[in-house]
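Enquirer: Protein chains in written order, with my numbering: chain L, 4 to 402; chain F, 4 to 402.
One thing to keep in mind: the hints can contain errors.
Listed below are the simulated EDC-like cross-link pairs for lysine to aspartate or glutamate, each with C-alpha atoms no more than 16 Å apart in a straight line [to be verified]:
no., chain 1, residue 1, chain 2, residue 2
1, L, Lys162, F, Asp149
2, L, Lys151, F, Asp244
3, F, Lys119, F, Glu28
4, L, Lys303, L, Glu292
5, F, Lys151, L, Glu342
6, F, Lys162, L, Asp149
7, F, Lys152, L, Asp32
8, L, Lys100, L, Glu121
9, F, Lys319, F, Glu202
10, L, Lys151, F, Asp163
11, L, Lys100, L, Glu342
12, L, Lys152, F, Asp163
13, F, Lys151, L, Glu161
14, L, Lys248, L, Glu261
15, F, Lys251, F, Glu261
16, L, Lys280, L, Glu294
Simulated from the structure, these hints should not be mistaken for laboratory data.
The lines below spell out each chain.
2 protein chains.
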Amino acid sequence: MGSQLSPEERVALIKKNLQEILQPELIDDIIIKQQRELVMYWGTATTGRPHCGYFVPILKIAEFLKAGVRMKILLADVHAFLDAMKAPIELVEERAKYYKFCITSLLQAVQVPIDKLEFVLGSSYQYNSAYMRDLLKLTTVVSEHDSKKAGSEVVKQEKDAKLSGLIYPLMQALDEEYLGVDAQFGGVDQRKIFTLAIEALPRIGYRDRIHLMNPMVPGLHGGKMSASEPDSKIDLLDPPDVVRKKLKKAYAEPKVVEGNGLIAFVKYVLLPAGALKHGEPYFAVQQREGEPLIYTDIEKLQDDYANDVISPQTLKPAIAEALVELLAPIQKTFQESKEWQENESKAYPPADKKPKVKKVRDKGSRYPGEKEKLPDGPETDEVAAEKLEKMKLESKPTE
Amino acid sequence: MGSQLSPEERVALIKKNLQEILQPELIDDIIIKQQRELVMYWGTATTGRPHCGYFVPILKIAEFLKAGVRMKILLADVHAFLDAMKAPIELVEERAKYYKFCITSLLQAVQVPIDKLEFVLGSSYQYNSAYMRDLLKLTTVVSEHDSKKAGSEVVKQEKDAKLSGLIYPLMQALDEEYLGVDAQFGGVDQRKIFTLAIEALPRIGYRDRIHLMNPMVPGLHGGKMSASEPDSKIDLLDPPDVVRKKLKKAYAEPKVVEGNGLIAFVKYVLLPAGALKHGEPYFAVQQREGEPLIYTDIEKLQDDYANDVISPQTLKPAIAEALVELLAPIQKTFQESKEWQENESKAYPPADKKPKVKKVRDKGSRYPGEKEKLPDGPETDEVAAEKLEKMKLESKPTE
Chain L
4 MGSQLSPEER
14 VALIKKNLQE
24 ILQPELIDDI
34 IIKQQRELVM
44 YWGTATTGRP
54 HCGYFVPILK
64 IAEFLKAGVR
74 MKILLADVHA
84 FLDAMKAPIE
94 LVEERAKYYK
104 FCITSLLQAV
114 QVPIDKLEFV
124 LGSSYQYNSA
134 YMRDLLKLTT
144 VVSEHDSKKA
154 GSEVVKQEKD
164 AKLSGLIYPL
174 MQALDEEYLG
184 VDAQFGGVDQ
194 RKIFTLAIEA
204 LPRIGYRDRI
214 HLMNPMVPGL
224 HGGKMSASEP
234 DSKIDLLDPP
244 DVVRKKLKKA
254 YAEPKVVEGN
264 GLIAFVKYVL
274 LPAGALKHGE
284 PYFAVQQREG
294 EPLIYTDIEK
304 LQDDYANDVI
314 SPQTLKPAIA
324 EALVELLAPI
334 QKTFQESKEW
344 QENESKAYPP
354 ADKKPKVKKV
364 RDKGSRYPGE
374 KEKLPDGPET
384 DEVAAEKLEK
394 MKLESKPTE
Chain F
4 MGSQLSPEER
14 VALIKKNLQE
24 ILQPELIDDI
34 IIKQQRELVM
44 YWGTATTGRP
54 HCGYFVPILK
64 IAEFLKAGVR
74 MKILLADVHA
84 FLDAMKAPIE
94 LVEERAKYYK
104 FCITSLLQAV
114 QVPIDKLEFV
124 LGSSYQYNSA
134 YMRDLLKLTT
144 VVSEHDSKKA
154 GSEVVKQEKD
164 AKLSGLIYPL
174 MQALDEEYLG
184 VDAQFGGVDQ
194 RKIFTLAIEA
204 LPRIGYRDRI
214 HLMNPMVPGL
224 HGGKMSASEP
234 DSKIDLLDPP
244 DVVRKKLKKA
254 YAEPKVVEGN
264 GLIAFVKYVL
274 LPAGALKHGE
284 PYFAVQQREG
294 EPLIYTDIEK
304 LQDDYANDVI
314 SPQTLKPAIA
324 EALVELLAPI
334 QKTFQESKEW
344 QENESKAYPP
354 ADKKPKVKKV
364 RDKGSRYPGE
374 KEKLPDGPET
384 DEVAAEKLEK
394 MKLESKPTE
């Protein structure tokens, strides 16, 4: 499919809807001048459970694939291994698999080619001597001050901040070299880390890379997603009625476009998904009476929302239906794959979901250090996962 | 020889002349109660060139060996590898060998058994995956603040201090586990790093160790040895007349014992060397007239010095003669060993010594990044070595 686009169209698709690109001219150089494949990576920590917030970066990755980019997804298991008390090794391995299933089936659902999609486990190379030697080298050329500054938007600057928070940005730089990529993709919250990578890699003899940044997209519930409100996250496997119910609870101020999570979801997920599936952007809003309003660009929808032509109450069910449609093939794949089902139950064993059921105590031994916390409910695991995700400094969109 | 001492005598010899021991009761426990071998390590960065200042820790190590301790000398080459611009890899390897020759022959010169002496190159295990995994683990349980505090006496707290300064203390802790030792020995300037090791290792499931600390000994020239005064260092291979000449330039205030480098050298090197060689401490001072004064303990010598019975002018030649005697068997071994001679010329090629000789430019290519600096004289290499040694946070006595 990517080959049906001209080099110029591919470059335009790669650059579309991004907030910022560092060294964008190198994209043109590789694709138009050198006429070779662009190789890019996106990293994600495999500690939690992917939810609909992940659709934002994944839809952009879908566009990269459509544009013929070779895309490497780094499943960053090492960070979880390092803190085995919070996420036992068995779970982390299964979760990495689960992420792979989710990302792959979502990309298939929007019908982009996945022959240039690769998954790489961090542990497959990050413990190697050569990698570690380079990591130590980086510590000799990067100052505490600079590394701290790099992580300042992603890592909490607490008094007892752990050293790992200063090391992970260096690993994120080194991953660019060891994954053999031309570019790294992430949220704009990664900007300072990307800048550090650009400065630091040449100091140990490696070239600096292109960096592409998604904007920070507000969550469906306005502002930051809260781990203590598990209901607010829409799971990829939520059945249609649950999706509808959760979207009803979503928060959106009438007529306000700025910081509106519903509109952002249409812009960064639903319209691009329509474009990839049907060849053009498409989003339908059913009105109380008469024909549905059909949108093919976000500007028109934003105008209508600002002018109260569509209200939060009409927008929510429209998003719910589009999302249900997007999730349907993913859930169908899940229902048909015994392997994925088994993986899902191993990656997220019942104890995580129903901690108040007496039986879970029998499984307590699988969670060293967690046993005592089980009665606290599902937050325990989720809060831990959140922390780890923050530590990894990965770009995590809010739902 | 160690076996001729009772367990209690061995414990006393181990504890002798140290400034502080953390968990000293464990020494008694291992040697007297468990009646097993005590295993200890001392680390040294192999970037510079050992001089007589090294005699202070090495004489203490000689006592450990005499007391039956299994002694591991960590030749810390990794830190030099990491900064290859300053000390090319070929040199570092040869220098590690040179350190081994020097330390071994000094220990032989004071006639202690060396069957329990082991040399370990840092690079032989510090790049291994298991080690590196544990190092990353440590970064997740030690805060920036604590690691910075740990290095505060050894690493300069500059604004652009490199991250490596925060990582090396963790490596020094981990080395205890990977070298399989019961104890680490170092200067008292390492105290905060040792404390960090005691706190951090149990957090990743390893036991804390015993820590033995030498006092900081003033140099022969009073205060800190300066790298820009190469003359102030007495080299192990300096011929007798050079030793005498350098000692003549040594600085010592008459009647002042406190902070007196000459007296410290007698206390920590010459008297212990006498005890090891002759069975009892021995140091002779030739007076202008009459019989020489014979000292078998430092207190008497300190009294005589304070009361002006002996002056700096009589003490200096006495130290020179004792040092010449101590160096004689080392230099003899060097003269008889073609292997050591070849090693020495590879480890410290002429360019390091005589940078103003035109010929050295031909060898410029062996010093990447150093070429431009050659005309500056020998300081270039020495200053670089000093910096590396500081980075390693090793205990380095002043000469």
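Enquirer: Does each hint hold? Answer for all of them.
Expert: The hints, checked one at a time:
This hinted pair checks out: L/Lys162 and F/Asp149 have alpha carbons roughly 10 Å apart, not beyond 16 Å. Between the alpha carbons of L/Lys151 and F/Asp244 the distance comes to roughly 54 Å, so the proposed pair goes past 16 Å and is violated. About 23 Å separates the Cα atoms of F/Lys119 and F/Glu28, which puts this hinted pair outside 16 Å; it is violated. For a cut-off of 16 Å, the pair hint linking L/Lys303 to L/Glu292 is broken: about 20 Å separates their Cα positions.
Between F/Lys151 and L/Glu342 the CA atoms are separated by roughly 48 Å; this puts the pair beyond 16 Å, and the hint is violated. With a CA separation close to 10 Å, the supplied pair F/Lys162 and L/Asp149 stays within the 16 Å bound. Our distance criterion of 16 Å between C-alpha atoms is broken by F/Lys152 and L/Asp32, whose separation comes to about 48 Å. Between L/Lys100 and L/Glu121 the alpha-carbon distance is near 13 Å, which keeps this suggested pair within the 16 Å criterion.
Simply put, F/Lys319 and F/Glu202 have alpha-carbon atoms about 44 Å apart, too far for the 16 Å limit, and the pair is violated. About 12 Å separates the Cα atoms of L/Lys151 and F/Asp163, which keeps this hinted pair within 16 Å; it holds. With a CA separation close to 10 Å, the supplied pair L/Lys100 and L/Glu342 stays within the 16 Å bound. Among the hinted pairs, L/Lys152 with F/Asp163 is consistent with the structure: their alpha-carbon atoms are about 12 Å apart, no more than 16 Å.
For the given pair, F/Lys151 sits about 15 Å from L/Glu161 by alpha-carbon distance, which is consistent with the 16 Å threshold. Proximity of L/Lys248 to L/Glu261 is assessed by CA-CA distance (about 24 Å); at most 16 Å being required, the pair is judged violated. Among the hinted pairs, F/Lys251 with F/Glu261 is inconsistent with the structure: their alpha-carbon atoms are about 20 Å apart, more than 16 Å. Between L/Lys280 and L/Glu294 the CA atoms are separated by roughly 23 Å; this puts the pair beyond 16 Å, and the hint is violated.
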